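*Asks:* Chains A and B are the protein sequences, given in the same order. For reference, each letter of the first sequence is one residue, going -10 to 275 in the working numbering. For reference, each letter of the second sequence is one residue, going 611 to 974 in the working numbering.
Simulated from the structure, these hints should not be mistaken for lab results. It should be emphasised that the depicted structure is a prediction, and the values quoted were computed from it without experimental measurement. Where hints are given, some of them may not hold.
[Stated by the list, open to error] Chain A residues, not near chain B, derived (Cβ > 12 Å throughout):
no., residue
1, Pro8
2, Ile11
3, Asp34
4, Pro76
5, Leu98
6, Leu100
7, Val214
8, Val253
9, Asn263
[As the list claims (entries may be wrong)] Label-pair ranges, simulated between beta-carbon atoms:
no., chain 1, residue 1, chain 2, residue 2, range
10, A, Pro85, B, Arg795, 37 to 45 Å
11, B, His745, A, Asn166, 19 to 27 Å
12, B, Ala884, A, Leu83, 48 to 56 Å
13, B, Arg718, A, Gly48, 52 to 60 Å
14, B, His745, A, Leu4, 47 to 55 Å
15, B, Val919, A, Ala84, 51 to 59 Å
16, B, Val919, A, Leu3, 54 to 62 Å
17, A, Pro85, B, Asp725, 40 to 48 Å
18, B, Ala884, A, Ala84, 52 to 60 Å
19, A, Pro169, B, Arg629, 45 to 53 Å
Glycine included, C-beta positions come from ideal geometry on N, C-alpha and C.
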Amino acid sequence: MSGAAVPGQRRGGLLLALPLGIFFAVFVVVPLLLLVAVSLYADADMTRFGFDQYLRFFGDDFNRGVLLQTLWLGVKVTALSLVLGFPLAYAYMLAPPRWQSILMLLIVLPLLTSAVVRTFAWVVILGRQGIINESLLALGWIAEPMRLLYTPGAMVIAVAQIELPLMALPVITALMNIDPNLRQASLALGAGHWRTLFQVTLPLAVPGLLAGSLLVFASSVSAFVTQTLVGGGQHMLMPFYMYQQAIQANNYPFAAAIAVTLLVAVMAVVMLINLVGRRAKGFVHA
Amino acid sequence: MNPSSSSGLPVRLAGVQHRYGDSVAVADVDLLVQAGELVALLGPSGCGKTTLLRIVAGLLRQTHGQVHIGDRVVDDLPTPQRGVGIVFQNYALFPHMDVRANVGYGLRARGEASDRIDDTVDRMLDLVQMRKFAHRRPRELSGGQQQRVALARTLAVQPRVLLLDEPFAALDKNLRLDMQIEIRRIQRELGITTLLVTHDQEEAMSMADRIAVMNAGRVEQFDRPEAVYDWPGTRFVAGFIGTANLLPGRLRRAGTGFTLTCDAGGSLALAAAAPCSRDGAAMLSVRPEHLAFGAAGGSGPQATVSMVVPLGPQLVYELTLADGSTVKVTVPRHGEDARVQAGERVALRLRDGAPAAVFLPEVA
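All chains should be built: construct the whole structure from the sequences, respecting the hints.
*Replies:* This is the structure in structure tokens:
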């Protein structure tokens, strides 16, 4: 029955996949090709073809700096969300079932609100008249408001907070898939809780940590709203650069070249993480 | 630090109880396991045997009572300090470590020197005959090999008490027998006190020095395998272990022995009556192989053969008594009794010297 697929069945399956296929082609593949095509115009008025935009992008220190700064932001955000996300997922795993559902709601809740709203919350918290500054002033710990908003640190923290669910959920899945007997076996063999955590639990959670890193990295380098509102455009990053070139400078070919460059860079990182992930999966899934 | 010289410690449970919320998993268990003894905790699922094992291991804290290992009360000691080793039902090998790393895990956790660890791991792998597979990952091993590794990993830290949780459940039948013999050999060699949790009566019978038959959180009987089989202490034990025919009747002392007058007619002579020996209404529990046939019209209960089933070296007879109840009798295929055919009438008797347990009748 499951051996040779009946030809009619296969055709039926393809037919069912057709709507999604068309949707995907029209709204993903075609726009991407258009984007690449636009980036291949040599001039802003789109009159002739050439690799001028890419040569211009990579020929300039400022542009290369923007790309590196953007990828570096992705690395910092990913690292911070690993540091925050793993303990959160670990706490979830150890929590009694009743607390698990409450924790899960709290973890998922941010996903159900718009990124714009969550970003404005950070503006309210970090602003000159924000919660932190007002509290510290009232306590008399500082004489005048500190500059918190529009700093690189604030941006990393805000983006990491907003991307946290993308890290926590895959790590929770990985942790919950670990046989609890493995931890008990480790304890019974004389290992303490820390050794068990680092030698058993953490290595077996690697696939989840990698999946989370992949999602957080890809999402954070293109988190336009948060980057711009919390970062305040003080540091030029790829998404804002793109926006500026397309909307303000009307240079669509250069904006497209920036977009394609970011896309390729992110894909390269994603493939790298995937490669590591495939090696890690080899020993985890027996 | 020579594991072959590690001798087991006695384990004593005193009034151990455990509740999960309102439900009682273990109700007041007293048990003394001698040093070096292999005791099987046998019972149906949900009888509390695994809960009891986890309490001894320290993975679970009992609601009441005490656990003694050697001369210490271990209730406040965490698992690593109790000197117990556990082999889990699914072996729980670390999938990201090879066989060597798995077996050495406990020694590394205890901070042993690395040359000592290498030494001990080698000896453990020899003990379970897994030296050849030292660099395999668990998923590259068969079920039996995984179990050997799990045993080696547990024994490497020289536990004084070995706890086995349904260790053979995941193995196929032939391999199961091999591993039972293997584990028994190693257990004897090390003289390690062992608690074996199982729901398989044959496994308990073939491996254990003594069996604690458990039901609904209680130990119903704690005795040698032959005694549990021949002289079941309760009706639950009689029914759970092997096959038992239950014959209601009236017990009466007769000379040095007893006579049971069956409700279905006829009577049986008993050399002894236990656990109940009081005159009056009683329930006889007798194994199929302990019954034999006499000529129809004799003093025993009259029965008609309704079916004969050949089962390897023996024949299984199903007979109907005068009151319609059925009795099973097994006889050797080449013996005298094997000539009896379906439809014949016979009188039942007890084989000479055969044990038969007597209980109070069921309180309706």
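*Asks:* Give a verdict on every hint.
*Replies:* Quick rundown of the hints versus the structure:
no. : hint                            : in the structure
1   : Pro8                            : 40 Å, holds
2   : Ile11                           : 42 Å, holds
3   : Asp34                           : 58 Å, holds
4   : Pro76                           : 21 Å, holds
5   : Leu98                           : 31 Å, holds
6   : Leu100                          : 31 Å, holds
7   : Val214                          : 40 Å, holds
8   : Val253                          : 33 Å, holds
9   : Asn263                          : 19 Å, holds
10  : A/Pro85 x B/Arg795: 37 to 45 Å  : 43 Å, holds
11  : B/His745 x A/Asn166: 19 to 27 Å : 26 Å, holds
12  : B/Ala884 x A/Leu83: 48 to 56 Å  : 52 Å, holds
13  : B/Arg718 x A/Gly48: 52 to 60 Å  : 55 Å, holds
14  : B/His745 x A/Leu4: 47 to 55 Å   : 51 Å, holds
15  : B/Val919 x A/Ala84: 51 to 59 Å  : 56 Å, holds
16  : B/Val919 x A/Leu3: 54 to 62 Å   : 57 Å, holds
17  : A/Pro85 x B/Asp725: 40 to 48 Å  : 44 Å, holds
18  : B/Ala884 x A/Ala84: 52 to 60 Å  : 53 Å, holds
19  : A/Pro169 x B/Arg629: 45 to 53 Å : 21 Å, violated
Hint compliance for this structure: hint 19 alone is broken.
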